[in-house]
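Chains A and B are the protein sequences, given in the same order.
Per the numbering used here, the first sequence starts with residue 276, numbered consecutively.
Per the numbering used here, the second sequence starts with residue 276, numbered consecutively.
Source of the hints: derived by calculation from the structure; they are not laboratory data.
Just so we're clear, the structure is a prediction, and the values are computed from it rather than from any experiment.
All C-beta atoms in this analysis are idealised placements derived from N, C-alpha and C, irrespective of residue type, glycine included.
Wrong hints could be hidden among the right ones.
Stated by the list, open to error - Derived DEER-like restraints, expressed as beta-carbon distance ranges:
#1 B/Q603 - A/A444: 39 to 45 Å
#2 A/I629 - B/P598: 48 to 54 Å
#3 A/R501 - B/Q536: 53 to 59 Å
#4 B/P598 - A/G591: 23 to 29 Å
Unchecked claim - If we take Cβ atoms under 10 Å as the criterion, some of the chain B residues that face chain A in the derived model are:
#5 A330
#6 Y332
#7 A336
#8 R339
#9 A340
#10 A342
#11 V487
#12 D490
#13 V582
#14 V606
#15 R630
Protein chains: 2
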Amino acid sequence: MSDMLAPGAVIGILGGGQLGRMLSVAAARLGFTTHIYEPGANPPAGQVADRVTTAAYDDEAALRAFADSVDVITYEFENIPTEALDLLEAHRPIRPGREALRVSQDRLTEKSFLRDLGLNTAPFADVTDLDSLKAAIDAIGTPAILKTRRFGYDGKGQARLRAPEDAEAALADMAGAPAILEGFVEFSHEVSIIAARGLDGQVACFDPGENVHRDGILHTTTVPARLSPSQRTDAVLLAANILNALDYVGVMGVELFVTPQGLIVNEIAPRVHNSGHWTQNGCAVDQFEQHIRAVAGWPLGDGRRHVDVVMENLIGDDMERVPDLARQSDVAIHLYGKAEVKAGRKMGHFNRIIRDR
Amino acid sequence: MSDMLAPGAVIGILGGGQLGRMLSVAAARLGFTTHIYEPGANPPAGQVADRVTTAAYDDEAALRAFADSVDVITYEFENIPTEALDLLEAHRPIRPGREALRVSQDRLTEKSFLRDLGLNTAPFADVTDLDSLKAAIDAIGTPAILKTRRFGYDGKGQARLRAPEDAEAALADMAGAPAILEGFVEFSHEVSIIAARGLDGQVACFDPGENVHRDGILHTTTVPARLSPSQRTDAVLLAANILNALDYVGVMGVELFVTPQGLIVNEIAPRVHNSGHWTQNGCAVDQFEQHIRAVAGWPLGDGRRHVDVVMENLIGDDMERVPDLARQSDVAIHLYGKAEVKAGRKMGHFNRIIRDR
């Protein structure tokens, strides 16, 4: 493959959090060095990267110097300002590409995109004011959930409507931001599929994992997920459908609700995903290396799992569990090097290898 | 365990090669940052370390500043100058400790130490000049191998004697360095055991691996090794014997010859070891993390293997195999980020996961 970046090339990563950190380690494993671009000081990814630029996303000189110093640019989060992307893209390829970012940066665009692909989503409607919210409630019913169209993650920027009377309070929570009303879906459990697409269009999926959330944040992912063979096939096909439609290059996380009527797409994330961390201890090529392989034009790993895994996040004070976890067999601890423990902050995770099922 | 270094602490690593690199990644996984001390410019470990000092081992100011910046000091190679160790040890703990370095820096001291522990070694004799070499040949016979007592690795500083007449030429190869004559051992195969001992004296061993060398350099390690249950027990017991005798803290590689008369200790290395690289893809806690756990006063991982693995080194031009290896299932590639490919240079390795045996 002539498009393969050779070892020694530099991967630029926008964002210096734990995902950038684990991408950086994976890139090093393939002989690449990494350059992290992050506005915040002392980013976790910087501890394992060759180079760090601390600068804002509107610092044009810093962006330009960053782009000039790398061979390809990727990112650990989807909410990168458009102007920064425009400037960077003029210098170096950005992978995954702009279309994936455009779609996933806006919940309304994303849901419409998925529906237009023929995939099932929760019922949704555009909300710009109280009138459109009331119309949306009439169409979708309650309970429902109002979400900002942009910049939401881990349950932030969301308000639940138990009944139509909650409309005004929920709208106030949006603080004037454009929003989307989503109906609730009756589902038995949530799974996610971590899918990758190479520069040559090849698609590879890891085994779907089953997710449990607590307080709106991922708590555990268990692999294998409870899925019938046909559900498993559906999950792979719909993920491939999404990636192909976006001419996607890299790893994407696709969250799915499992219902008696089939799989419903909850959301997509154009990046490595918390629910794919189990691959670090379950596969020869983990999601981070898979992403780096894709953006570097390498062949993808095949995603085969050689052991069952339960991943559990360490949030805030869960860090106090680390000494006990370190004593347990078959537990692989992954900490993020964050200086300060805060409530609700993802501090690390661990993968428990399951031998006897 | 009150001796446990908390995440956020700094591990100092002497040596910036591939072992320091993989130690650095393992330390980051436990939330530590690393500071590499290395005389050579642009060390591979520096690409994934928080901090690098480029300075010689006789630069007292640099050594002092390095020691002051870290919480504990470890190393990736055993031939660190004594004066540097003296200075560093006055500031911070060095783990594994000085006794292990004293013993392993000198082949004669090492062999004597092992014999005094009641372990089997190849026959050996001190060689200081032609007379003592001739006496050694009389006692040990030929074929035999003459080795410098210090600074030998990967077959360097060695000369074979096929017959007594080779004595003078072999001695000339030593270039005046103190040497040791070792007799050949009839063995069926070589195995190595990667053993660890914690700050609390706990010992844990990984499963022994079977080694094949080419041109004096490790070629492959296969796990599990061909060993009877009693040989396996012997290997663990003798490794524990060595570690306990040295009040050792950290990971040690112990190379063993398998003979009909039992196991013979070939050599010990007071550090992580090339023959332990398979643990990266076979165990929840690999040898690098195991070493960091020990030097940081953490509980050891138990070393259990969840899958069979064959590790193969990528030497020099083997780098050309990488694109093909990247296409193969169940192959985990680990490259070292070395800028220049040289004949005989270790550029990386790969672990092949074996499912059906």
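Out of the numbered hints, which ones does the structure contradict?
1, 2, 4, 5, 6, 7, 8, 9, 10, 11, 12
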